[in-house]
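A.B. asks: Whole structure, please, built from the sequences with the hints as guidance.
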Amino acid sequence: MTTVWILTYRLSKRGEIMIKFQYSDGNNNSDFIKGLINVISREQNNIYWGVGDLDIIPRYSGDYPGSGTHKNKEIAWKFGEKVENEKIVFLEGATLYEVLDDTQTIRRGVFVCFFNNYPYDYNFRPKVEVTEVNTIQHSLSHLEIRILDGDMFFILTKDKKMISKLENEYPEFLLD
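Using the numbering used here, the letters of the sequence shown correspond one by one to residues 302 to 477.
Think of the hints as simulated: they come from the structure by calculation, not from any bench. Mixed in with the good hints there might be a few duds.
Claimed, not checked - Mimicking DSS-like on lysine-lysine, the simulated pairs with C-alpha atoms at most 25 Å apart in a straight line are:
hint: 1; residue 1: 383; residue 2: 428
hint: 2; residue 1: 321; residue 2: 459
hint: 3; residue 1: 428; residue 2: 461
For clarity, every value in this text was computed on a predicted model and none was experimentally measured.
C.D. replies: Here's what the structure looks like:
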């Protein structure tokens, strides 16, 4: 059985609220991440995601035979390579779900949520480990998820309603 702990939340100087989650199975967290993305997408459906500073572990689909056709598309592997080369990749929710379906775990990464009417910022380089931990890294972003060591999740947003939705989704894991 998998356990998720919501540890605490605090308000930053700029008004961002941070919730910290601790997920007990850091080696198999893609379903939990899909759940978080789903809660966020239900509340805000006109969004896209910027992903950076990523360490992704694809699902194991067996050894590659070395000959003949290869039916695995290696979606997670190719996505990880793309993030490594470009430093940030922007994608819609459906594409993010495809990546997560092919992912065993994300050891570290930053998922930044933007509204569709904001342009892509290819100069943006999100990092998991930052000096101002209670601050969203991009001024135009709606929400930011940072994953550290596969089991620590830091969610930052100014949207109190979103915080409430996340708290209501996992009430049994809230700590005072």
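A.B. asks: Looking at the structure, which of the earlier hints fail to hold?
C.D. replies: Hint check: nothing fails, all pass.
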